[in-house]
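Just so you know, the protein sequences line up as chains A and B, in that order.
Just so you know, our numbering puts 223 at position 223 of the first sequence, and the rest follows in order with no gaps.
Just so you know, our numbering puts 378 at position 378 of the second sequence, and the rest follows in order with no gaps.
Just so you know, the hints here were simulated from the structure itself, not pulled from any lab data.
Honestly, I wouldn't trust all of these hints.
Given that identical chains are not distinguished, each listed pair holds provided it fits within a single copy or across any two copies.
Said to hold, decoys possible - In silico BS3-like links for lysine-lysine, alpha-carbon gap of 27 Å or less: (1) K227 x K194; (2) K336 x K306; (3) K103 x K244.
Bear in mind that the values here come from a model prediction, so they are computed numbers and not experimental data.
Protein chains: 2
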Amino acid sequence: MSIEGQVLKIARDAKSASKALSNLSSKAKNAVLIKMSEELLNQTDYLSRENEKDLAGANQNGLSDASIDRLTLSDSTIRTIAEGLLEVAALPDPVGEVTKMWKRPNNLVVGRVRIPLGVIGIIYESRPNVTCDAAGLCLKSGNAVILRGGSEAINSNLAISSLLQDVMEKEGVPREAIQMIPVTDRAAVNEMLKLEDYIDVIIPRGGEDLIRFVVQNSRVPVIKHYKGVCHIFVDESADFDMAKEIILNAKVQRPGVCNALETLLVHRDIVSRFLPSMIEKLEEEAVEVRGCPRVLQVVPNVKEAKDEDWYDEYLALILSVKVVNDLDEAINHITKYGSSHTEAIITSNYENSQRFLNEVDSSVVLVNASTRFSDGNELGLGAEIGISTTKLHAFGPMGLEELTTCKFVVYGNGQIRS
Amino acid sequence: MSIEGQVLKIARDAKSASKALSNLSSKAKNAVLIKMSEELLNQTDYLSRENEKDLAGANQNGLSDASIDRLTLSDSTIRTIAEGLLEVAALPDPVGEVTKMWKRPNNLVVGRVRIPLGVIGIIYESRPNVTCDAAGLCLKSGNAVILRGGSEAINSNLAISSLLQDVMEKEGVPREAIQMIPVTDRAAVNEMLKLEDYIDVIIPRGGEDLIRFVVQNSRVPVIKHYKGVCHIFVDESADFDMAKEIILNAKVQRPGVCNALETLLVHRDIVSRFLPSMIEKLEEEAVEVRGCPRVLQVVPNVKEAKDEDWYDEYLALILSVKVVNDLDEAINHITKYGSSHTEAIITSNYENSQRFLNEVDSSVVLVNASTRFSDGNELGLGAEIGISTTKLHAFGPMGLEELTTCKFVVYGNGQIRS
């Protein structure tokens with residue numbers, strides 16, 4: 001069969017499986033998730049063997065240590081994945097929730113009921129854990145899923161997905177509810193992006209290039225974020241100790257992720273009191289600071305930032321720092337250079353905290369807390385399928401609820417329209 | 001300036017106006033809406049004169065009576081539009097609503113707050129009332145709007161929009177919050193569909209051809225429905241009198257709209273008792289019935305339906321009728337031929353009512369009520385900006401809430417991630 005034919009068959013089968021899934025009870029879905037978790041642990045040896053094939057390929061192709069690290073399915077990675085499935089099983093089922101119900105003057109009773117979206121397409125890069133995490137969240141929210149992972153992880157991904165499929169089949173759930181596209185050719189992605197009649201939404205996860213390719217070529221709606229250029233603004237009234245702890249945490253704790261700090265904005269009135277010791281602390285943690293001219297006036301040894309620095313998502317131990325005159329200039333800087341992802345203010349001033357929360361147009365806005373909390377688990381959604389920085393359907397970290405929509409159900413007793 | 005340049009300028013101005021709009025108080029927005037309503041009534045003569053130009057063109061171009069009727073701004077149409085603005089002013093403001101708020105184990109307080117989407121693009125055909133209705137809903141929900149109406153209504157549309165802009169300017173709201181694209185060239189639409197950095201969502205309203213063109217050519221997310229092939233299933237246990245009243249209402253009361261009945265499904269056990277008198281009543285109302293072979297067995301004088309009839313949105317006094325063996329066959333027929341818009345069951349059987357509500361995958365599902373209630377006003381949303389039959393962001397009639405999204409606000413006191 002042609003690649004296009006294979007992908008079309010997968011999508012049709014997914015659509016048909018999604019009907020069965022949408023009516024599964026929470027009990028049945030949870031039982032499957034628990035069995036999947038057990039089976040992953042039982043099959044650790046098999047998964048490791050398949051993962052070895054990918055690792056051998058990665059070594060041959062000279063992948064970076066970081067990439068190989070992301071690709072590796074160690075025993076502890078497999079345990080973490082298996083535990084993740086148990087956590088998803090323990091979350092409340094969003095499907096069937098009646099979010100509102102009201103009575104009309106003519107006695108019609110109108111309700112809004114949560115239903116699955118249908119078929120979710122996930123396009124992602126090296127990490128094989130995404131295969132299982134995404135499959136678990138889609139199953140719990142009653143959606144069929146079509147997974148398309150990177151070629152470097154294909155053996156690991158197929159091993160995980162076939163194991164999950166076998167468990168589903170034993171439990172009486174159609175195995176087409178979770179399908180991995182076995183073809184790593186780019187043509188498979190191109191075909192997937194055309195199938196608007198079968199796939200309800202595409203969630204790309206990976207680097208900016210992958211995501212831009214998907215957005216530009218997809219007829220299926222896409223939920224995505226390109227990058228996270230996260231800002232912290234230190235207001236004139238900030239508690240300096242708190243500011244330092246939060247900034248270090250946001251920049252250093254895990255610099256390679258989208259909610260890490262990339263640009264620090266500092267109120268001009270505290271520059272000389274705050275910045276020298278702050279930059280010293282950052283440099284102790286091996287952070288390279290790139291400052292605006294006003295930063296260089298007080299800390300002359302740092303690099304000067306170029307205009308492109310303000311747009312950059314470093315994903316590394318680099319931080320751009322800019323002095324601003326006031327809250328307005330901070331907000332304007334974020335509006336111009338930001339990515340609508342996550343921004344925080346450190347302040348003791350009530351009015352400024354409220355203005356920052358209201359006026360900064362990002363999906364997550366924090367007062368006196370680290371940007372690293374911009375994450376589905378940390379915010380209390382229980383899990384995360386991705387992050388959206390566009391406003392349609394979802395804005396910010398997405399959990400199970402964001403994999404559903406609401407339909408109208410109407411209870412009448414003979415009403416007609418006059 | 002080139003057409004592309006004009007559209008780009010409009011979009012940029014809209015984006016910048018949307019910032020001001022998102023922070024307007026409900027009081028300020030309502031005051032503007034009330035002033036707009038008054039001004040429409042004050043300027044009835046001016047609006048009529050501009051509308052005359054469009055009507056003259058329509059007559060020259062030989063438009064149908066129905067089209068000319070839709071295009072006409074009579075005094076009573078203008079009164080209805082003006083009243084619509086007052087109704088929108090009276091609706092609750094969705095912006096700023098805290099839909100949920102919770103505390104995390106580390107004492108972070110996380111809230112979800114409704115915010116406007118930003119800039120809405122509306123692409124529509126002849127009716128000039130859409131210009132004002134859509135502008136009012138977008139203003140109330142804090143969104144800037146870019147309107148692109150049909151060439152046949154351009155004078156009426158520009159008259160309405162410039163009048164609304166003048167009111168806004170007097171009230172201190174940027175006039176760029178509501179902009180009509182003055183160019184009726186198709187190139188203006190093409191350019192609009194590319195401006196993903198400035199326009200947050202496009203809502204096309206009109207015929208299926210227009211909507212398909214928009215979906216296929218847009219890089220901006222689109223919320224839409226192609227058509228409404230609405231079904232009513234008369235279950236074996238239905239109250240026949242109720243069924244007849246509801247079916248007549250759904251088919252005849254306003255056949256040219258998307259929530260009108262197009263296909264009737266009848267349980268086989270009631271065919272001979274129910275169908276002959278039902279079809280008689282329909283024919284009394286000048287409805288042409290097209291039946292499946294089993295319909296023709298009991299009412300031989302009706303036309304036979306072809307396969308394409310089951311897909312058809314007639315928007316006219318035509319009804320296709322099919323006999324089905326049971327609820328399952330009814331649901332399967334709807335799944336295969338339906339448009340995910342609106343379906344109803346007439347039944348006295350509890351289990352069948354629940355199964356129909358759960359298993360029919362349409363945006364509005366009713367028991368014992370007319371499909372004509374599938375409308376934002378009738379369902380109690382207070383207003384309607386459009387209907388979505390795809391599940392992302394909104395499913396079914398959309399009111400003010402559907403013109404908003406939620407961002408996360410987080411109140412901390414120094415929390416860092418460990």
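Of the numbered hints stated previously, which ones are contradicted by the structure, given in increasing order?
-> Of the numbered hints, all hold.
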